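In terms of the numbering used here, the sequence shown has 52 at position 52, counting the first letter as 1, and numbering is strictly consecutive.
What the hints contain is simulated information worked out from the structure, not anything from laboratory work. Source: prediction; values computed, not measured. Heads up, some of the hints might be wrong.
Pairs of lysine to aspartate or glutamate, EDC-like flavour, derived with a Cα cap of 16 Å [to be verified]:
id : residue 1 : residue 2
1  : Lys273    : Glu255
2  : Lys165    : Glu177
3  : Lys54     : Glu140
4  : Lys165    : Glu111
Simulated DEER-style distance windows between Cβ atoms [unchecked claim]:
id : residue 1 : residue 2 : range
5  : Asp38     : Leu196    : 26 to 36 Å
6  : Asp208    : Trp271    : 11 to 21 Å
7  : Lys89     : Pro192    : 29 to 39 Å
8  : Glu267    : Asp208    : 33 to 43 Å
9  : Asp38     : Lys202    : 20 to 30 Å
10 : Lys52     : Glu255    : 49 to 59 Å
11 : Glu42     : Asn263    : 20 to 30 Å
12 : Trp203    : Glu268    : 38 to 48 Å
Quick reminder that beta carbons are idealized off the backbone N, C-alpha and C, glycines included.
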Amino acid sequence: MLFYYILFFVIAVSVLLLFLIVRGFKNPVNPHNTIPKDIGKEIKEVRFPSIKGKELYAWKVNVNPDFPTLILVHGWGRNVERMAPYLRKLCCRGFNLFAFDARGHGNSHQENHMTVVKFAEDIDSAIDFIVKDEYHHNKEISLIGLSIGGASSILAASRDERILKVVTVGAFSHPLEVMRKQISDRHIPYFPFIWLFFKFVKWRTKLDFDAIAPVNNIAKSSAGFLLIQGIDDKIVPLEQAHKLKKAQPKAILWEIPGRGHSNCHLEEGFWEKIGDFLVPK
């Protein structure tokens with residue numbers, strides 16, 4: 001009888017932990033109401049279609065119709081406000097700028113569980129919207145993506161030849177590796193809890209995570225890559241950037257001492273490094 005009590009307890013704890021882990025990876029929604037007034041150019045609020053009838057919210061900065069367009073992709077649980085420093089620093093460097101809220105984020109249509117694939121789909125939708133806009137004489141597109149926004153930018157570039165250059169900041173090489181680290185950091189054992197969670201996620205999303213992992217797709221792209229990684233990043237370890245660099249030796253890897261996951265943009269020379277990569281002198 002004791003055996004059944006123990007078995008029931010183990011199952012109950014496993015189900016509870018699985019529920020909490022799944023809930024923990026549900027993207028938080030943070031709507032926003034503030035539009036920066038200090039970037040030197042007007043920010044236009046626009047909405048554009050994504051897949052399955054969803055509509056996305058974006059900030060569009062038109063600088064010159066003959067300039068290329070730089071699409072800015074925020075990270076997990078963030079929104080376009082996270083890209084405000086990039087708008088301020090890059091608007092006068094020869095780009096039109098376009099920052100959008102991915103599905104399930106900010107002021108875009110909601111989506112309960114976002115993935116790197118869904119982020120990449122939203123990037124494709126943003127490119128379609130820009131290319132069809134008659135304002136843009138120059139149809140060249142480059143991307144800057146933060147965290148999962150960077151990982152999805154790599155995936156998008158492997159599927160879309162319209163993307164010429166990609167800058168990532170804190171991008172992971174494989175989604176399951178980062179998820180496993182985040183759960184393990186909470187001292188939850190791999191078996192059975194993390195193992196069960198991965199089985200559930202694969203069943204729920206119906207994704208082949210090896211097939212969509214940035215590390216397995218970066219070499220498929222003809223785009224140029226600048227991979228920026230804080231050496232002290234506790235969310236996406238430095239080894240993830242090393243794996244991306246190994247998979248695409250032509251990529252430029254910039255390791256920044258003393259920087260973590262969300263403060264690389266504070267590094268001296270950060271904006272110059274990005275600007276020189278995107279528009280060589």
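Against the structure, the hints come out as follows:
{"no.": "1", "hint": "Lys273 x Glu255", "in the structure": "holds, 12 Å"}
{"no.": "2", "hint": "Lys165 x Glu177", "in the structure": "violated, 25 Å"}
{"no.": "3", "hint": "Lys54 x Glu140", "in the structure": "violated, 25 Å"}
{"no.": "4", "hint": "Lys165 x Glu111", "in the structure": "violated, 28 Å"}
{"no.": "5", "hint": "Asp38 x Leu196: 26 to 36 Å", "in the structure": "violated, 48 Å"}
{"no.": "6", "hint": "Asp208 x Trp271: 11 to 21 Å", "in the structure": "violated, 37 Å"}
{"no.": "7", "hint": "Lys89 x Pro192: 29 to 39 Å", "in the structure": "violated, 47 Å"}
{"no.": "8", "hint": "Glu267 x Asp208: 33 to 43 Å", "in the structure": "holds, 36 Å"}
{"no.": "9", "hint": "Asp38 x Lys202: 20 to 30 Å", "in the structure": "violated, 45 Å"}
{"no.": "10", "hint": "Lys52 x Glu255: 49 to 59 Å", "in the structure": "violated, 39 Å"}
{"no.": "11", "hint": "Glu42 x Asn263: 20 to 30 Å", "in the structure": "holds, 29 Å"}
{"no.": "12", "hint": "Trp203 x Glu268: 38 to 48 Å", "in the structure": "holds, 47 Å"}
Of the numbered hints given earlier, the model fails hints 2, 3, 4, 5, 6, 7, 9, 10; all others are met.
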